[in-house]
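Fit chain G to the given chain Y structure using the hints.
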Amino acid sequence: MNEQDTDGTVTKRFMVVNRKAPHGTVYALEVLEMVLISAMFDQDVHVAFLDDGVWQLRRGQMPGVLEMKDFSKTYRALEGYGVEKIYVEGESLAERGLSEQDLVIPVEVIARADMARLMDGMDVVLTA
Amino acid sequence: MLHTVNKSPFERNTLEACLKRAVPGAAILLIEDAVYAALAGTTLADAMTSAAQRFEVSVLGPDLAARGLENTALVKGVTVIDYGGFVDLAVEKGPVQAWL
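Residue numbers (this note's numbering), protein chains in the order written: chain Y, 17 to 144; chain G, 204 to 303.
Same shape as in the complex, but just chain Y (with noise of 0.2 Å):
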């Protein structure tokens, strides 16, 4: 399914699957950094958040207390990368009692069947 560009060069479809929340381990900031650096090569990123991966984008994160970075903010930088493609899983909110309106950015929601389909159609998919 890769894009041949008019230049020549290949673009893939990849998925980066968030599934941790965020500050028990390393995890979310290593895979946020990761996407930044990814956007930068014109590939087609999409993100996604499913299971402990939505408490990520939880509004309101204050990790200063703890005396870490708080890369909740970071997640708003993605629009401005080109990283537009962002999926949170419905199912993995609503277990967890969140709604859109507890998170840090506009993402667009879809069903866990949904997310499956998506998944299946990339050419890469990285999961922590």
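Because the hints were derived from the structure by calculation, they are not lab data. Remember, predicted model here, so these are calculated numbers, not experimental data. Errors might be hidden in some of the hints.
Unchecked claim - Not everything, but these chain Y residues come out facing chain G in the computed CB check (under 8 Å): (1) Trp71; (2) Leu82; (3) Arg112.
We put the CB at the ideal spot given by N, CA and C, even for glycine.
Leaving out everything else, chain G in the frame of chain Y:
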């Protein structure tokens, strides 16, 4: 005994493992990613409400605040404590069993 749990109950079964072994009246403190277990409105809230009747369940406030949950409703019977409260619990209820 003071039991501490630090993993998200949505991802690991350490809280469940702890709840199965703690004796009635034991103190259980939710820290780090385990604080998500204390929230009202989740699929685990009923189980936690029931646990809070059998055990003395508390949750570490700074770990809630870090995750944007400072003003989020908690299940009934769970107490929020700070680092000083953690020390007091360890002194009063120790030894500490950490469910990693």
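A quick look at each hint next to the structure:
1. Trp71: This interface hint holds because 7 Å falls under the 8 Å limit.
2. Leu82: Cβ of Leu82 (chain Y) sits 5 Å from chain G, so the hint holds.
3. Arg112: holds (5 Å)
Comparing the model with each earlier hint shows no violations; every hint is respected.
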